[in-house]
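S.K.: In case you want the letters, here they are:
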Amino acid sequence: MNILGLSAFYHDSAAALIRDGEIIACAQEERFTRRKNDPAFPRHATRYCLQQAGIGLDAVDYVVFYDKPLLKFDRILQTHLALAPRTLPAFVRSMPVWLKEKLFQKRLIRERLAELGGPLPPLLFAAHHAAHAASAFYPSPYPEAAVLCLDGVGEWATTSAWHGHGHRLTPLWQQDFPHSLGLLYSAFTAYCGFRVNSGEYKLMGLAPYGEPRHVQRILDELIDLKDDGSFRLDLNYFDFAGTRRMTTERFHRLFGGPPREPEGELQQHHMDIAASIQAVTEEIVHRLATTLHRETGLDHLCLAGGVALNCVANGKLRTQGPYRDIWIQPAAGDAGGALGAALLAWHHHLDRPRHPSQPDAMQGALLGPEYDTDTIETTLRQAGARYRRLDPDALDHTVAEALDQGRVVGWFQGRAEFGPRALGNRSILGDPRPPEMQSRINLKIKFRESFRPFAPAVLAEHQAEWFEMERPSPYMLFVSPLKAQHLRPLPQQARGLDKLRHPRSPVAAVTHVDGSARLQSVHPQTHPRFHRLIQAFHRRSGCPMVVNTSFNIRGEPIVLTPRDALRCFARTDMDLLAIGDFLVDKRDQPPELAQRLDAPPPPPEPEHPPLPEATPKRLRQFALSTAAAVVLLFGLLIPWLTAHPIPLWLIAAAGAWALWGLLLPTSLTPLYHGWLRFGLLMGRITTPVILTVVYCLLVTPLGWLRRALGHDPMERRRDPQAASYRRPSPPLSGMDKPF
Amino acid sequence: MWELIKDLWDFARSHKRYWLLPLLLVLLLLGALLVIGPGSALAPFVYTLF
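Here the protein sequences come in this chain order: S and U.
For the first sequence, counting from 1, position 705 maps to 705 in the working numbering; every step adds exactly one.
For the second sequence, counting from 1, position 44 maps to 44 in the working numbering; every step adds exactly one.
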């Protein structure tokens, strides 16, 4: 049985295909369209998944969407009702999209799938956090585990706890919007001048440069944190519940100034704020996980949701306990929801058993497209690149030699990774030892901020010699301190970005200023090719790890195709490209290679749907319908209302117009398009006016009435006496309804 | 559209959101206008009525 999981329409769309519970293929749409975090329907990713499985849509038994759109709409309406009248701008801005598209998601999904051909399979819906929980538990190696999902928001839940046992997932408790750890972190991300939904990593990377001097202020003013990890946000400081802004003027006053401009100077103040919110996040995650452990008594924890990509918090939770071990879904964000939705349908909806496998069922997260030797060579030849073909051992040896010489290598092999991390198949590699390697790759190859650290990909059998964390970290989701014997002290006077100038270890490029590293352990069983390469480097250099960063430049998705890789290689200061069996050396390339590969930027999404084609049938309908409307409106209705005689000349003119359209339809084409454009213009003017009227006459009074009756879906009231803000989760709902 | 109306009704019943129905109804009518409006020759007439 084949099940297709989809995530779409918000950010990071993806498709996943499972067959009889086994994961066959997963991919994010952004990799194909080259639009970072592309929210569009995952047409390309779906096509790839079907192709990888060798089937058409007719062989898919169920399609599962990763969220319940009507529950999300309920949350959005209730937010407006609770906060009216101050959410008017957000209401006017967001409602047209909901009323035109998002409410009709069933139809939209079916239409998009129909474009892929074949009869449409039944459509199911997984609740957002259920999809996250399924993505965390079902592929994990544990027969039984506690599951914790932490993200910005799905439908209502922002935090949810589950008990996974066999093929059953039982919801335990949750915390709802707007009290969200993900949104709290995102609010600080925006305040520090980084983009919400993609800049959170940067804030995490910035934290070790600062001092957590605002922790108490955050705990005193912004959140009421209970011992069990549940909390209430003070919405006087946050604007994300109803508007597009994340923080209020009061927030800015509390932290001594307005938000940093996106490319503005990074000051010590921003680093201290980053360090503070990171510390608070770690504390909340630790308390929530400890509560779940205390209540379930389970030794293993599975994590998913965007917050589970905070590898610093993950590393500390793993080190400090209380769990024996933790497994995290490598695509912990919304892309992973596509996989979770499909797995939930198989195990929960269809009640099929589960057989946990070791080390897990994710196949190293190498679930994306692969390109054969012929395709790669054709790409290289057509682009006019000069290349050599080598056997795998010789290629590994040559790349290891180049790395040892301080050269930076683009490494493109096998199936693409699923999730935000490049794990050694679409990676840029370097020698971690030279102190200047970090800034060189950051500034000349990735074109990104110099403070951002790189991750080491280390031979699993040598991990314990270098890192405090001895357990596997195959997906780069845990940060671990280096062993003390490898660490060099940081001068006491070093502050802020100045810390970058002091190498903290012999592998400086992968050691963050606090002496930690975002570890990827590379195992011969799950990642034999990458393991062999690092072994070759180790034999030459004595160093069992390489710098591993994603194969892309700032603001672009990770490369997918050989052409993407060659283009990225040609446009940057990368020295060598190892792509399949081929080696491309920058020194051998013609100077015009980059221009030849320059691709036009992806076309922007059209603001409005294109005008319909002017077929004779449409033009006749246009003439008849406008004539009828003129007669009804101006010839009959208005004269009747104003007690004027029926204007016969107008009716005659309308008749002539209709006759013209019937006899010479194509001559109306310019008028037809002009009229439609006029209609669109009127819609742009009228729609906000109508929405404002609806908001003022219906939403606001209804909201006031609800509040007067004591209803507050935002649960803003703090209760110092309460032990917890958690609430029991409802039972897992059926999957055949979009709510 | 009928499928959506049925889903919204089932949702209101199962989640005890009957009080939300008037607002949903108005928004649905508005949605119909927004969906039918663009690309239709009648759009300028319909918008004029408002």
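Possibly wrong hints are sitting among the right ones.
As the list claims (entries may be wrong) - Below, simulated DSBU-like cross-link-like pairs (lysine-lysine); rule was C-alpha separation at most 35 Å, straight line:
hint	chain 1	residue 1	chain 2	residue 2
1	S	LYS617	U	LYS16
2	S	LYS444	U	LYS6
3	S	LYS100	S	LYS316
Stated by the list, open to error - Label-pair distances were calculated between CB atoms; the ranges are:
hint	chain 1	residue 1	chain 2	residue 2	range
4	S	ARG529	U	ARG13	48 to 58 Å
5	S	GLY166	U	LEU42	30 to 40 Å
6	S	ARG716	U	ARG13	21 to 31 Å
7	U	LEU21	S	ARG684	48 to 58 Å
8	U	ILE5	S	ARG529	50 to 60 Å
9	U	ARG13	S	THR375	21 to 31 Å
10	S	ARG112	U	ILE5	18 to 28 Å
11	S	ILE651	U	HIS15	31 to 41 Å
12	U	ILE5	S	GLU249	39 to 49 Å
13	U	ILE5	S	THR319	48 to 58 Å
14	S	LEU487	U	HIS15	49 to 59 Å
Derived by calculation from the structure, the hints in this document are not laboratory data.
Where a beta carbon is used, it is the ideal one built from N, C-alpha and C, also for glycine.
S.K.: Against this structure, judge whether each hint is valid.
M.R.: Here's how the hints hold up against the structure:
A threshold of 35 Å between alpha carbons decides the hint, and for S/LYS617 with U/LYS16 the separation of about 47 Å lies outside it, so the pair is violated. Of the supplied pair hints, the one linking S/LYS444 and U/LYS6 is violated, its CA atoms being roughly 57 Å apart against a limit of 35 Å. Among the hinted pairs, S/LYS100 with S/LYS316 is inconsistent with the structure: their alpha-carbon atoms are about 45 Å apart, more than 35 Å. Judged by the Cβ atoms, the range 48 to 58 Å given for S/ARG529 and U/ARG13 holds: they are separated by roughly 56 Å.
At roughly 58 Å, the beta-carbon separation of S/GLY166 and U/LEU42 lies outside the given 30 to 40 Å, and the hint is violated. S/ARG716 and U/ARG13 have their C-beta atoms about 28 Å apart, which keeps the hinted 21 to 31 Å range intact. Checked against the hint of 48 to 58 Å, the pair U/LEU21 and S/ARG684 fails, with Cβ atoms roughly 29 Å apart. Restraint check, U/ILE5 to S/ARG529: a C-beta distance of roughly 55 Å satisfies the suggested window 50 to 60 Å.
Separated by about 54 Å at the C-beta atoms, U/ARG13 and S/THR375 break the suggested range of 21 to 31 Å. Range check, S/ARG112 to U/ILE5: about 22 Å between beta-carbon atoms, so the 18 to 28 Å window is met. As the Cβ distance of S/ILE651 to U/HIS15 is approximately 52 Å, the hint placing it in 31 to 41 Å is violated. Between U/ILE5 and S/GLU249 the CB atoms are about 42 Å apart, so this pair conforms to the stated range of 39 to 49 Å.
Our hint of 48 to 58 Å for U/ILE5 and S/THR319 holds, since their Cβ atoms are close to 53 Å apart. In this structure the supplied range 49 to 59 Å holds for S/LEU487 paired with U/HIS15, their Cβ-Cβ distance being about 55 Å.
When held up to the earlier numbered hints, the structure conflicts with 1, 2, 3, 5, 7, 9 and 11 and fits the remainder.
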